[in-house]
Amino acid sequence: MQFSISLKTPFLNPFSSTIIVPIFIKKMISMASFNSNHFSSTITHHHLAIENNSSSSKSPLDSCKSMKHLKQLHSQMIRNGDIHDPIEQTRIIRFCCNHEVGDMDYARILFDQIPEPSLVIWNTMIQGYSQRKSPQSAAFLYLEMLERGFGPDNYTFPSLLKAFTREIALDCGKGFHAQIVKFGLDSNVFVQSALICVYFLSGQINIARRLFDKSSKRDVVSWNAMISGYNKIHCYEESQKLFIEMEKEKVQPTVVTLVSIASACAKLKDLQTGTQVHQYVKDCRIEATLKLENALVDMYAGCGRMDLSLELFENMKLRDVITWTTMVNGFNNTGQVNRARAFFNQMPERDYVSWTAMTNGYLKANRFKEALEIFREMQAANIRPDQFTMVSILTACAQLGALEVGEWIRVYIEKNKIKKDIFVGNALIDMFSKCGDVENARKIFREMTRRDKFTWTAIIHGLAVNGHGQEALDLFCRMIGSSITPDEVTYIGVLSACTHAGLVEEGRELFVRMISDHGIEPNVSHYGCMVDLLGRAGKLREAQEMIANMPMKPNSIVWGSLLGACRVHKDVDLAEMVARNLLELEPENGAVYVLLSNLYATCNRWDDLRKIRKIMTDKGIKKTPGCSLIEMNGVVHEFVAGDRSHSQSNEIYSKLDKMSRDLKLAGYVPDTSNVSLDVGEEEKETALYQHSEKLAIAFGLISSGPGITIRVVKNLRMCVDCHRAAKFISRLYEREVIVRDRLRFHHFRHGLCSCKDFW
DNA sequence: CTATCGTTTT
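Quick note, in full-length UniProt numbering, the first sequence goes up one by one and the last residue is 759.
Since the hints were derived computationally from the structure, they do not count as laboratory data.
Predicted model only: the values in this text are computed from it and were never measured.
Please note: incorrect hints may appear among the correct ones.
Claimed, not checked - Below, a list of computed lysine-lysine pairs in the PhoX-like style, where the Cα atoms sit at most 20 Å apart:
#1 Lys214 - Lys182
#2 Lys269 - Lys232
#3 Lys267 - Lys364
#4 Lys420 - Lys443
#5 Lys364 - Lys539
#6 Lys282 - Lys241
#7 Lys217 - Lys250
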């Protein structure tokens, strides 16, 4: 045999490249043939008989709990000669292959000492490798088995196929299928179900479906494999359809069916079917296992019925970490983070899924600092995170602009060999973009081997808001060129690239092509982008027309865009009209009053300004307090205007004083137009220089060495005066200052801003 | 052989 040499080589790091090895296997599978004469069905029966006998007699191995103990028993067997007994051989290998603490390397040593292993032993070895997620080892052993003249049986393939990864399934699925047909094992339902799973894994749903449809003896396991397959690819409606069909064909569901269906109900928020499943259990038509109860708890939680979920939870006799995590998730998804945390704290044990779930709860509640805190606690508890955890933490970093922590996480992923899947890559791009680190966002993007819609959308949007509109559009062209279909979110990034770069004509064209080329009906956000695009470019009339011709009711974001444009282009009359519309929609929206009063101030319409201030006081309308974040040495510091709560407050304020003097000497004149009227000129200045972003920048200046970039995240839009001051700071102190505001980035360098004072 | 919890873009 041509591949005997490699087969003898101790093989196979399961973590080795999943690309090279499967191709190797693929070739071998296509070359492999079963051409031995010394295999016969009598051997199979003989060995099956041995297996049956062995299960009925007692063995000291039955109570064996560790490899150490096993080795003792093994040496005993060698001493008294039992080691030559095929029954004992099978038992000892089975321990190594099937037991939790079993050691496959030891199994392999024993196996290599058996001159004529039985088919049962071959199957056991294959199963052992499969259970330990070493599909390559399992496949190679299968090939070795063929080579040595053994044919597979109904037990061989189910365990072999079970270990497949997506890549292997894609590369070798058909090859193994061919083998199965060749050995005449394709009519076995066990083998068929395993094949169905392989095709689902490799995304070849149609083949799986055909296999299922034309199969003559479908049993409930094939149905279950189909249903769980559709669940895995998130086609829950299809799962439900199959369930209904299954009932029609009078196939009795098993507990596995119900678990899958309950899970589908959770995702579909199908309380009706979910309740039926629960009723089926209550009627004792099926035994309620822990997994089934967990699925039902999740089903109620998914349907938003935490009351019912909790009731079931409390009545459960046994709960595991999944039960608890499901409850934590349930509370998180119904906006009850604190309650989720209380459950989380009560958990008897927490695994990395539980920690990630809690992190996501804080993310959902916009409590990003607490999300980061969870990761620190997780580290302290010595729980190893996985790629899901990394994505959550990176999301928190992105929201907080915490570049240091984000970068630390990137290194952590490398060092700890955490799987860098497409989600992680996308989250890294987003994190770097949202921290204003375009260079690193580009780098991650370049280095990704697979890119999906989210990857492209993330980089396009990241470049757009950081002031690289043209580059974003170039990438959009490349995206189309590589046959990735953009969605409505991608187009938001694309249109905002046009807006931030002032590319009006390109924007108009893309808006049309969105519909004609990709069949995406623009939603209210796209109209918002267009209004923004036209408005910022000073085409206020066209922006108005755009709103008038919208097929849906404009929302506050659309009106807000136009109002913002009125401010930039000082069109008070239009602004008043817009503000009226806006306040009709959201009478309590403080931002509208602020925008309008700023506009009145800019245009010296003091009477109107007083009026609107009075309305605000009378109605008790508060504006959202401005808040700025800055990360220093991995800690996120938060400032609001006039904040004195920071431990280094004194230093910060003396730095501000010095900054104010330096800046004035350099020619900076404060822009007090946006400050309340009722205070004197000097107080106005004080109010200005206590703005949260100035506090954050001052803190950044005193806390970092020369030349270090200062990065600030602000929850609102940057005010005109802070923008002016930041330009001076960047020149005077030779510091790059990057401020992310609500809508875009301002990269201040050498006295200029990337937004070209247009925002 | 088939099954339950956590991940990304406006």
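Next item on the list: Could you work out which earlier hints the structure fails to respect and list their numbers in ascending sequence?
Entry: Result: hints 5 and 6 break, sorted rising.
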